[in-house]
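The whole structure should be built from the sequences, with the hints applied where relevant.
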Amino acid sequence: MVRNLNVLTNPWGKMTVFVSYGIPTSILCCYLLLLTKHHMTNCHLDCCLCSLRGGALQKANNNKWVHVLCALAVLEARFVNIADRRPVDLSYIPLARFQLKCFYCKRRVKRDVGCCVQCSHGRCTTAFHPTCAQAAGQLMQPDDWPFIVHVTCYRHKSPHLPERNAAAMRELEVGQKVICKHKNGRYYQCEVLELTTATFYEVVFDDGSYSDNLFPEDIENRDCVALGPPAVGEEVQVRWTDNLLYGAKFVASHSIPMYQMEFEDGSSLSAKREDVYSLDEELPKRVKSRMSKASDMRFDGIFTEKEVKQGAKRQRVINSRYREDYIEPLIYRAIME
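Take the sequence shown: its position 109, counted from the start at 1, is 109 in full-length UniProt numbering, and no numbers get skipped.
The set of hints was computed from the structure by calculation and includes no laboratory data. Please note: incorrect hints may appear among the correct ones.
Said to hold, decoys possible - In silico DSS-like cross-links for lysine-lysine, where the CA-CA straight-line distance does not exceed 30 Å:
hint : residue 1 : residue 2
1    : K157      : K106
2    : K157      : K183
3    : K183      : K285
4    : K106      : K59
5    : K157      : K101
6    : K106      : K64
Okay, structure coming up:
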């Protein structure tokens with residue numbers, strides 16, 4: 001999503017720059033009026049999920065305030081109204097998450113404040129507030145589906161990986177052994193069956209987010225298979241993975257080469273070239289950490305993992321050694337009072 005910078009004049013006559021995260025300007029104006037009503041600026045507002053003040057804040061459903069960053073990074077936080085990014089529903093955050101100690105601020109903050117996320121590297125249980133990690137310069141970036149945010153602690157901080165070079169992105173051959181992501185979210189060796197071409201649509205949703213990998217069949221108010229793509233800028237209705245309809249505007253149609261892959265369990269899927277890795281290239285750490293190998297004799301327990309639900313945030317498989325330090329996502333916490 002492209003972040004829009006909005007420069008508004010606040011009620012005290014000072015120019016304020018707001019990073020809107022796709023929020024319409026009209027919503028920001030209402031936000032300023034709300035601040036006026038409470039006779040305070042956003043620098044005086046506390047986030048109830050961390051120990052830092054100010055920043056891009058949204059109202060929570062417990063009449064408190066939350067950083068947009070915290071709402072995105074915390075596994076169980078939800079935006080009630082996705083288009084307006086408010087209010088933030090905190091009722092599903094488990095109590096155990098509020099009991100985690102932030103690695104960065106636990107020594108200077110005498111009492112427990114907010115809730116923490118944990119390092120995305122393997123089974124590391126290092127906990128920290130999202131804003132503390134950001135202030136400390138820790139890596140925080142969007143992750144591949146079905147994962148939302150990838151954030152690492154200081155011990156697992158890795159340098160920025162350069163783009164894959166042309167040699168690594170060379171055309172694949174039928175019958176070639178490669179590495180690709182299975183439906184269960186892990187990476188396995190597979191075989192290239194054939195090269196095909198798929199058509200994807202790019203749209204911008206009404207909430208400011210976008211998607212560039214929609215199938216023509218995902219457009220509900222037009223038979224795109226028979227009639228072709230809509231006109232640029234035309235309003236469309238998109239059937240998303242949650243089976244709900246969302247308003248959007250059509251941007252473009254793209255024809256992308258796709259590779260048909262077959263895994264050792266007999267299943268197959270189509271993947272873009274950038275999502276496929278050859279056996280002789282260096283794999284990114286995020287791929288290595290999710291790499292699995294099927295047995296030559298039996299596949300029991302390898303490809304039988306439950307497929308990850310579309311739209312779900314990151315789910316972690318925890319080593320029993322660390323179970324006491326980690327939170328169970330099924331335990332819900334009442335809204336903070």
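May I ask which of the numbered hints given earlier this structure violates, with the numbers listed in increasing order? Those not satisfied: there are none.
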